[in-house]
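Residue-level listing of the chains:
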Amino acid sequence: MKEIERIVCTGCALTCNDLVVNLKDNEVVEVWGSCSHGTKRIKELIMEKLTCSEKDLDLALEKAKDILASAKKPLIYGFSSSVNKSIKIGLKIAEKLNGVFDSPPSICHLHVPLAYEYEIENAKLEDVLEKSDFIMYFFANIADTHLRHASRYAIYPRGEVIKSGRESRIVLAVDYLENENMKIAQHKVILSPGKEVEFLKRLREFISTGQVPSLEGLPLTLESWLILQNDIKNSMFISAFAGPHILANITAREIYRELISLIKTISESGRESCLMPLAEDLNSLGASIIPYKQFGASHAIEFSDGNPIHNSTTSASSKLLREEVDAALIVGSDPYTHLPRTTAKRFKEIPVIYIGERKTMISKIAKVNIPIAAIGIEAGGKVFRIDGEEVELTPFIKPQEEVEPEQVVLEKILAKL
Amino acid sequence: MVKLNPMQIFKLLPKTNCKECGYTCMAFAVKLLQREVELEDCKPLFTDSKYEANLKKLQELLKPLYEAAETLIKIDEEKCVGCGNCIIACPANVSIDPQVGRGINPVNNEVVFTVVNGKIKVLNIEKCRRYPPHRMNCRICEEVCFSEAIKVVA
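Heads up: the protein sequence lines correspond to chains A and B, in order.
For the first sequence, my numbering begins at 1 and goes up steadily by one.
For the second sequence, my numbering begins at 1 and goes up steadily by one.
These are computed hints drawn from the structure, not numbers from a lab.
All C-beta atoms in this analysis are idealised placements derived from N, C-alpha and C, irrespective of residue type, glycine included.
One or more of the hints may lead you astray.
Unchecked claim - Have a look at the derived ranges for each label pair, beta carbon to beta carbon:
1) K382(A) <-> L123(B): 55 to 63 Å
2) E40(B) <-> E5(A): 13 to 21 Å
3) E30(A) <-> Y66(B): 27 to 35 Å
4) L123(B) <-> I309(A): 41 to 49 Å
5) V29(A) <-> D48(B): 25 to 33 Å
6) E167(A) <-> L123(B): 22 to 30 Å
7) S214(A) <-> K56(B): 54 to 62 Å
8) V29(A) <-> E148(B): 28 to 36 Å
9) E148(B) <-> E167(A): 20 to 28 Å
To be verified - Keeping only pairs whose Cα atoms sit at most 30 Å apart, straight-line, the calculated BS3-like set for lysine-lysine is:
10) K121(B) <-> K24(A)
11) K73(A) <-> K412(A)
12) K63(A) <-> K85(A)
13) K24(A) <-> K151(B)
14) K3(B) <-> K40(A)
15) K345(A) <-> K367(A)
Using the sequences and the hints, build the whole thing.
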């Protein structure tokens with residue numbers, strides 16, 4: 001039995017780096033420290049491996065090239081679980097082919113790109129661990145998505161400044177329904193849809209003026225508000241984590257704008273603060289940051305004569321619905337789990353190339369399936385953690401022969417085009 | 001879930017203070033809850049038919065107690081999601097391995113419990129604060145559990 005320490009988990013975008021894996025004959029026997037999401041990824045992935053649709057990789061790459069080269073407007077979609085290098089190559093492919101580049105955050109994880117587009121100066125998760133005494137969860141349930149968030153970084157660890165850990169940290173959880181996350185929060189606020197901006201505004205009003213705001217229309221008694229107000233008043237470092245319960249509706253931008261204003265007001269009041277999107281997929285943050293830095297838009301980019309365009313009609317969903325894409329290269333994500341059924345069914349009408357680790361709904365209808373080495377398990381690379389920190393993955397198993405890392409497969413396709 | 005308490009048990013005992021078991025009925029209820037005596041030690045409960053209905057109720061009431069470990073904690077592995085809240089919040093774990101206090105999952109075999117394959121794994125139950133004979137009334141692991149996988153039964 002071989003024991004490998006300090007493995008980076010690829011179960012979600014927290015990328016916990018304290019896993020210990022016990023291997024026997026290149027197979028995982030035990031994983032110490034990973035939550036059920038991380039364990040599932042490491043142990044079950046091996047069983048559902050994707051197989052190459054062609055005789056060998058070269059043939060599959062050739063076929064993929066033919067499909068992409070003959071398309072007028074290919075859709076390059078996915079990348080929320082890809083390494084940063086793959087995202088960059090994916091953008092190059094889209095640019096070269098005058099295609100459309102989009103990723104899952106554009107529809108169901110809008111909190112990720114939006115939080116980044118506002119460009120606030122952010123702290124690191126380690127700062128939260130060491131110093132944060134007030135933790136706010138907005139529209140998120142970490143008990144469902146980021147299982148180790150509280151135990152690894154935010155609530156339970158004893159920091160250098162917050163020496164007693166849980167005893168010195170106040171937690172506020174705001175959501176539309178009561179969730180498991182609220183079990184560990186001193187303050188729980190259950191809002192009706194449409195009341196989000198109002199609540200955030202009142203919170204901001206109190207922080208900037210120090211006065212009790214009007215609570216009319218909010219589900220809070222004066223007594224509970226005063227306790228919350230007092231806890232905020234006594235805090236030195238306020239951390240906010242925004243989750244995926246706000247879907248890409250018309251108010252999402254407004255809610256995020258208000259959240260950013262709240263964080264800025266907290267900073268102006270002399271306290272430290274930070275806001276992080278609770279990105280679920282391993283690198284949905286990378287899939288937003290990289291396009292944003294290169295082309296000024298975090299998602300849904302259409303290239304026309306090499307120029308990037310981003311508007312409400314350039315998303316994968318819109319393009320599929322309007323039948324404006326005639327081929328698709330799907331990388332590491334299953335669009336059937338992210339896109340509405342009405343648009344996803346369009347994939348059956350166009351040639352699809354799927355590059356991924358495991359069998360999914362999309363691999364069943366893809367014309368070309370190209371397996372890749374499991375990211376962070378069989379192949380390395382860098383991804384962005386939820387605080388924007390670039391993390392180097394630590395592969396610990398040898399991949400099967402003829403199975404290349406994702407970035408290598410994409411590089412080969414780009415070279416052929 | 002309502003925790004078991006001695007009064008619930010006492011009400012169903014014969015309440016005659018016959019001391020056949022060596023204790024008064026109230027003391028027997030307390031000892032029963034601490035798993036220091038067995039229900040069978042109360043002879044009248046089993047020999048006198050007038051206590052039959054109470055005996056059945058007691059057996060039902062005490063079921064979770066016997067399903068729990070010596071610490072009177074019951075862990076439902078099916079429900080556990082491996083969040084590690086209990087591991088990091090546990091004062092005994094932190095005193096054994098200070099790294100745990102920093103949010104790092106313990107990988108040594110000395111701690112009370114850890115997370116292996118996404119589930120709680122108890123390694124040294126005798127190091128738990130609730131282990132007999134001293135049994136501190138610590139319930140931190142239950143309080144911080146997201147998924148209600150940890151239950152302190154009494």
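Going through the hints against the structure:
1. Taken as a hint, the range 55 to 63 Å is violated for the pair K382(A) and L123(B), whose Cβ atoms sit roughly 35 Å apart.
2. Take E40(B) and E5(A): their Cβ atoms lie about 50 Å apart, and the range 13 to 21 Å is violated.
3. The supplied range of 27 to 35 Å is met by E30(A) and Y66(B), whose beta-carbon atoms lie about 30 Å from each other.
4. For the hinted restraint 41 to 49 Å between L123(B) and I309(A), the CB-CB distance of approximately 58 Å leaves it violated.
5. At about 56 Å, the beta-carbon gap between V29(A) and D48(B) misses the expected band of 25 to 33 Å.
6. Roughly 26 Å separates the CB atoms of E167(A) and L123(B), a value that falls within the hinted 22 to 30 Å.
7. Between S214(A) and K56(B) the beta carbon distance is about 58 Å. The supplied range of 54 to 62 Å therefore holds.
8. At roughly 29 Å, the beta-carbon separation of V29(A) and E148(B) lies within the given 28 to 36 Å, and the hint holds.
9. At about 23 Å, the beta-carbon gap between E148(B) and E167(A) stays in the expected band of 20 to 28 Å.
10. Simply put, K121(B) and K24(A) have alpha-carbon atoms about 21 Å apart, close enough for the 30 Å limit, and the pair holds.
11. Taking the CA atoms of K73(A) and K412(A), the gap is near 20 Å; set against the 30 Å cutoff, the hint holds.
12. Between the alpha carbons of K63(A) and K85(A) the distance comes to roughly 23 Å, so the proposed pair stays at or under 30 Å and holds.
13. Between K24(A) and K151(B), the direct Cα distance comes to roughly 35 Å. Violation of the 30 Å bound is thereby established for this hinted pair.
14. A hinted pair counts as satisfied when its Cα atoms are at most 30 Å apart, and K3(B) with K40(A) does not qualify at roughly 34 Å.
15. Pair hint K345(A) plus K367(A) holds up; C-alpha atoms about 15 Å apart against a cutoff of 30 Å.
In summary, the structure is inconsistent with hints 1, 2, 4, 5, 13, 14 from the numbered list given earlier, while agreeing with the others.
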